[in-house]
Structure formats: structure tokens, C-alpha cells
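Spelled out, the chains give:
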Amino acid sequence: MAVHDVGHATSVDAPPERKRRPSRASERAVEARGRAGLGMTAPFLLLFAGFFVAPIIYSIVLSLRSPATGAYAGLLNYRTVLSDGAFWSGVQRMAYFGVVQVSIMIGLAIVLALFLDSPYCRGRKFFALVYFLPYAVPGVIAAIMWGFLLEPDLDSALRLPHLLGITGSTLNPLDFRLALYAIMLIVTWEFTGYNMTILLTSLTNVPRQVLEAAKIDGCSELSIAARIKLPLIRRTVVFIVILSIIGTLQLFNEPMILNDIANIGSSYTPNQMIYNTAFSFGNEQLAAAQSVVLAVITVVATVAFYTIVRRRIDPFATSQGGA
Amino acid sequence: MSAIPAGRRSRPRTPGSGQLGRKVKTTVGTAALVVAAAYVIAPIYWLVVASSKSTSQLFATSTFLPPVHLSWGANFRSLFSFGSGEFKYWLANSFVYAIVTASLATAVSTLCGYGLAKYRFRFRKTIFGLVVGSLMVPATALVVPLFLLEHDVGLINSYQGVILPMLVYPFGVYFMSIFAADAVPDSLVDASRIDGASELRIFWQIARPILMPGMVTLLLISFIGTWNNYFLPLVLLGDTTKFPLTVGLSTWASDLNQAGVSQPLYPEVLLGSLISVLPMLVLFPFLQKYVARGLTFGAIAGE
Chain A
102 MAVHDVGHAT SVDAPPERKR RPSRASERAV EARGRAGLGM TAPFLLLFAG FFVAPIIYSI
162 VLSLRSPATG AYAGLLNYRT VLSDGAFWSG VQRMAYFGVV QVSIMIGLAI VLALFLDSPY
222 CRGRKFFALV YFLPYAVPGV IAAIMWGFLL EPDLDSALRL PHLLGITGST LNPLDFRLAL
282 YAIMLIVTWE FTGYNMTILL TSLTNVPRQV LEAAKIDGCS ELSIAARIKL PLIRRTVVFI
342 VILSIIGTLQ LFNEPMILND IANIGSSYTP NQMIYNTAFS FGNEQLAAAQ SVVLAVITVV
402 ATVAFYTIVR RRIDPFATSQ GGA
Chain B
551 MSAIPAGRRS RPRTPGSGQL GRKVKTTVGT AALVVAAAYV IAPIYWLVVA SSKSTSQLFA
611 TSTFLPPVHL SWGANFRSLF SFGSGEFKYW LANSFVYAIV TASLATAVST LCGYGLAKYR
671 FRFRKTIFGL VVGSLMVPAT ALVVPLFLLE HDVGLINSYQ GVILPMLVYP FGVYFMSIFA
731 ADAVPDSLVD ASRIDGASEL RIFWQIARPI LMPGMVTLLL ISFIGTWNNY FLPLVLLGDT
791 TKFPLTVGLS TWASDLNQAG VSQPLYPEVL LGSLISVLPM LVLFPFLQKY VARGLTFGAI
851 AGE
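Chains A and B are the protein sequences, given in the same order. Position one of the first sequence corresponds to residue 102 (the numbering used here), numbered consecutively onward. Position one of the second sequence corresponds to residue 551 (the numbering used here), numbered consecutively onward.
Chain B extracted, bound-state conformation:
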């Protein structure tokens, strides 16, 4: 509050601009922010509460209040045992897809971005143009075409079939090429060359440590994107033991609506949903900075 410039204090323009007006504005503004925060938090809070209820409690108790007897234990056991324990496969698969995709996509994009930033060669501009142009193509537009192609080459219903398309990460290449152009000094690369290091060795020993912060950003965005992906694995997978969480839970959710299903899976779907968002929500405060840096990259580079 002490940072108000002297000039401002000396000439109040309107009666509302004094300390009192400022306090009112702060209160009103903060209240509006709280309302918006409630909109964000409410469904997550509800998910936590609802996942603690049995099916009958879910329909009988108040929506936003926890039940008297928590059913987490029972829900947890039935979540992992239903359908010969398919949920544990989904959980493990989500980790496999996300970890493998994020690491490989980051590696491929970093190498390519560094190559584009630090070397002159024929087709360099063409490749860069391709990367930038493909940023415009939404990933979902490629899903059905990918299915048709993978179907004919027999990649369908396999881990590779899901992971390989997600390794094409034009944003990662674009991000890394600009990151590398800024972060890795040419003098450093030239000095290593004079010392007789090979180009790959320069990349691995000199550039990679410098590029690490950018790689962390790419790794996180790719991990979250893969973990959250639904359309691609839904289309490419048929075998329930290969499903990630998103696809598996959606099959349970669709059973809720089908007449004649023996047992409605409300508690399992709700607890399963909670488990699939919890790790990321808990880690998010620590990762927010890296993720935000990546997302805002394309938008603000030209400001």
C-alpha cells in the first residue's frame, strides 16, 4: 500500500478513489474472485464427497454433504475387484501411456528443435514451415484417419498404436527450437567443436543440461495431455485390459444408462474418477509454473 506514487495522493480525482474506496473495491473484487473459485472447486469437492457414498446413500443423502457412514473402504474394494479387477489395468496403463509418451515425445522434439535452431541445412525452412503449419491441425481431426490407417497396417489395439501417433508433437519442436536458439550460445557449441567433440556429443553433454528446464515443461504438458486423452485410445483400442483410465471409466459410465445391467456402478465410477484426477491435482501447485510457461509460450512471443 505504501507504493502509491506521491503524485496520485496529491490529487484525488473522484471521491471514491481514497483509501475507503480502495477497500470497498478490494472487497467486491475479492468476493467476485471467490465466486469464480467456488465454480471451479464445487464439482471437485462434490466428487470427493460423492465417492464416499454407497449407491443408496448417493440417492438418499444431500448432494453436497458427506454421509454419516463413509463407504470409501467398501467402494475402494469393489472398484478394484469389479469386472475381474480391470480398474487396476487401466490405472497401470494410464501411467505407461503417459510416461512412455511424454519421455519419448520430449526426446524426439528436443533433438529436432535443437537441430533446427543450431544448424543450417537444406530444407531447414521447409521443415520449420511444416512444424508451424501442423500446429494448426487439431489432434482430434486425425483420430479417425489414424484408425483407418492403423487398421490396415495392423497396429490397432496395441500399446505402440496408441503411443506412436502421440510422439508427433509439433508444439514441442516449435517450443524447443526457440528455447534452444535463445538458451544455447553458439560460442559454446563452437568451442566444443574446436575441442573435437562430435555433434551428438555436443548435444548430449553441452546442450542437454542447458535445455533441461524447457524439457521439463514439455514433459509435463505431454504427460498431462496423454493422461487426459480419450478420443485416440477410445478409437484405437478394443481390448479392455489395454484401456487407459479415461476410456475404461467411460465404458462403466455408459453402462449406467443401459437397461438390464445387473448393478449400477455409481460408486465405482465416482471413486475411479477421483483416483484418476487426484495425483495431478495434488502435484499441480508444484508444476503450475512449468506448465504455464509452456502454454503461454506461443501466445506471448509476439507481444
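For reference, chain A alone in the conformation it holds in the complex:
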């Protein structure tokens, strides 16, 4: 829900005005029309029930069953998850990843967007297109490209520090310790431009009169960017941070591929671990419980972040009812 409170404030509850006519015949017609409207939503609702709601309910039911016997086992699987060190170190790794990588990525996206929106920039359209390109590259292919580029056997540049005597051995960015930073590099590559694109569109909606007025008052471009543009797009910033937090906790493609290329481990991220619980170990009940726990963690992290920043982005937040 939080995403939506942020992203979108007005148009949902603005139904088209409909005049009430007293005649009974037209009332029947309105009712028939309503049925037509409900009918139009039916295909979506059927798919939604079958492939969205049903799997969620099914996995909750399954998570309450014993992996050994399949019989109802209460919270047994949840106790296993809560006491599983590997699961929590994966969560912790993602928390660290989120704090470092999301800050860098969003910071970079903000700076690039403000730059492209300033008068000190040539080739705005060209750069905006280039930064957005990785959106069209599958995460798997991005991970393969970067994985090979960061593989010392393949990348002659990585052997350079060793040949020059700077490091004792060849730098291997894909060893267990550094792999987290390799993934940060890949994810930053994939999503900075995506976030920048969202910010840039938001910036073009900043009223030009406000900016003109600031210029006439002698504001420098830097202070216009910091004091006027940035505060005006803060809701968008919150929106993309929330998307990034969710994305981080769900990280899967990149660690999977890097593990294929360089053995970084099969429970590097929670989602990777859930996959392996279900498919390498065949423990579907435990995997279901892990999925539920990860979903709860994601919601808690998102809501916590939103609660913290809510007051800042919307000073009237507390006085707002359900209107």
C-alpha cells in the first residue's frame, strides 16, 4: 500500500460523474451497465485468483505441514527458519547490500538526473537514452557479462595490479568476500538509469515559473537543484527507494549466475536459498515457510522505511484521514 500512498494521490477515487435519473427503466439500464463493467474485470479476476491468490494461500497451508510426513505440524517450519543461521546471514547480507548499494545507486541517479535537467549539459537526449539502455538487458545476461568481465582468467585488466606488483596475487572480485561488491556493481549498472529515467520525468514536471523566478532572484543552478528541484521530487525519490528495497530483498538472478560462474555459494541471498531448499533439497514445506518469512520481512522493511520518511515528505501526513 505504501507505494501507492506515495506514488499516487488523486486520481484513483475520481469516478466519472454520473447524473442520476429517476426513471425505473434507466435504473435497470444502469444496473445492466454495472454488470457489463464487472464482466470486463472477470478475465483478470479469474487469473488473479488462480495465479496470485491461490499460490499464496497454498504456500501458507504448505508451510504448516511437516517436511517428513506431510501432516499438519503447526509452526515447526517457522521455528526452523527462525533458528537457521544461513537464512539470517543471507537477510543480513541483503540489509547491508541495501544500505550501501541503494544509497549509491539512488544518489547517482539523483545527481545524473539533476545534471541532465540543468543548463550545464550537452546531449541530454543522448545520455538519457544511454543510461536507460540496461533496462532492456535481462538481469541474467548482465550477470553473465559482468561475471566474465570480473573473472581474472578472462579479463587481462584484472591481472594488471598483480603484474605491476601492487597486489600479492591476482585480484579476484568474485571470491566469496568481494562477490557482494561485484553484485552491487552489476545491480547499480542495471538499475541506475531506470531510476534516473523516473526522476528525470518527474523533474520535467517541476513548474517552469518557479525555476524562472528563482533565477531572476539570483539563485545559482546548484542551489536551484538542491533547494527547489530536489524537494519537489522527494515523493518520487521515496517511491524509487521503496522499489529498490523490495528489489534488494528479492535478489536472485545475479547471485545465481555468479554462483554458476564462480561458486559464490548457493545461499548467498534469501531467494536463492529458498530456490535451493525447494529444488536441491526437495523440502517444499520449509521453502514455503521461508517464502512467507521473506515476504513478511519485505513488507516490514518497506513499511518501516515509509514510516520514517513519511513525515518528511508530507508534513500533513498525520492530519490526513481516509479521504
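Keep in mind that the hints were calculated from the coordinates and are not lab data. Mixed in with the good hints there might be a few duds.
[Said to hold, decoys possible] Some but not every residue of chain A turned toward chain B, in silico, with C-beta under 10 Å:
no., residue
1, P156
2, L217
3, V231
4, L250
5, T302
6, S303
7, T408
The structure displayed is predicted, hence computed values, not measured ones. Don't be surprised by glycine CBs; every beta carbon is placed ideally from N, CA and C.
Position chain B against the provided structure of chain A, taking the given hints into account.
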């Protein structure tokens, strides 16, 4: 440059704000943008170069320089012939998954979004709430649960099994409902009713042409999302001839790391990767506008 307001020229605040300072700032700023662009382009450029090398060239030649003898021809032949030609299935499958999913998901979402925007009925608000709420649920969280369910109803390892879950596209419904509320005037719908048109006919003949630009946006985002999807088909498919490119190439990539595999598939993985990103990268300059409009939609509606 002539657009600088007169007021600004008449009172320079700091020495750096003159024409010279402006030029310096532009140069420094553009240089920073070029560095960032290099970060984006470098791996793609490398992929193009590396896919032209044979395995031995890959390990012997400089990383970012093309080899003296290009091996594209040989790599291309072995890419399509390796493993009884499984790559061509993957390529075809990726197109099938992406085209079928994008068209059906767009159709289902457009109809639903239009229905929510233009009609009053019971549960309308509930349905809208469900759509908005499910936007928060990341698709990856549903993958393992979907497997467990599809496994038990026998949908696993089939095209339908992969496509059907991707037709649930809450963002599409949300996008379309707001697009339709803005774009389709009620007066037009009412006028068609007076002419005796049925509701479905009004949708098809009056609303659909108006909604077309929004549908193009949804079609593209869904196409790219499906083409790039990895987790869902990885989990739901076992038969290699049903794999899309992402899953197929990842199986080749994982063989690189396995001891005892007869032949390391570096050139095949690299050229295969290039082929799977090339169509979208070439088309992207033309599609960027539509895609960006969709992505920024949720974020800026409230600004």
C-alpha cells in the same frame, strides 16, 4: 544561450557565474556524464568484442580489443549446432513467451482497467484495492509458491504454465484504469449508448482506438519483462526445448564451472548473450519514449 533572463545578466553574484564559468561547468558536467555513459557502454562493447573471439583468443588477446581474425562465423555455427541445436528453440521460445504474454496481458489489463474506470458496480472499490495492494507484492515472491501449486495441478513444464501467471499484471490494470478515466470522455460513451451500441461494442469500436497509446506502453513493458524473465521459467520448466534464452544460456554458463565438461562453451554463451540483447538494444531508441511513460506513471501521478 540567448534565453538567459536580463535580470540575471545585470547582476552577476559571483565571479564564476559569467560565460567562462558557464563553459567550465558545462565541460566538467559533460565529462562526468561521459564517464557514467562509459560504465554503461563498456560491458556491452566488451560483449560485442568478446563474442567475436574463439576460446583460445578469449584467454590470449587483450580484453577490450578485437582479435585479428574474427571468429563470428565459426561461433555462430557452433552456437546453433551445439547440443542438437537447442539454441534455436530457446530463441523461438523467448519470442513465443514474450509475444503471447504481452498481447494477452495487455488485452486482459486493458479490459479490466477500462471496466473499473468507466462503470459503477458493487465490489468496484474492493477490486481496485486488490489491484493496488498487489502492486506491492514482488513477482519473485510468488515463484516458488507457484511452482508448488502448478506441480500439483500438472501445469509444470508447459508453455501455459509459464504464460498464465504472467498474465496477472496488476500494474497494467492500474495504469489502464487511470489512462482510461482521463482519455475516454463519458459523453462519447453515452452518445454511443443512445445510438444503441452494446457495452462491448463501445469498448471495441470507441474506447480501444483512444486507449491505443497506453496499450502500446503496456505491450512493450510486458514484452521486455517477459523476455528478461529468468526466475519463473527456471523454476517451472524442466524440458530444455521449452526454455527461453535466459534459462538456456544460464545452463550453458553453469557448465563452464563444472569439472569434466568436455568443451567450455565461452564463445557460445557470449554470442548467445549478444543475440539475446541485440534486438531490444537496436529498437530501444524508438521505444524509449513509450517505456519511460509507463515506468514513470506510478511515481509522478501524485507530484
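Hint-by-hint comparison with the structure:
1. P156: holds (4 Å)
2. L217: holds (7 Å)
3. V231: holds (5 Å)
4. L250: holds (6 Å)
5. T302: At 4 Å from the nearest chain B Cβ, T302/A passes the 10 Å test, so the hint holds.
6. S303: holds (5 Å)
7. T408: Since the shortest Cβ distance to chain B is 15 Å, the answer is violated.
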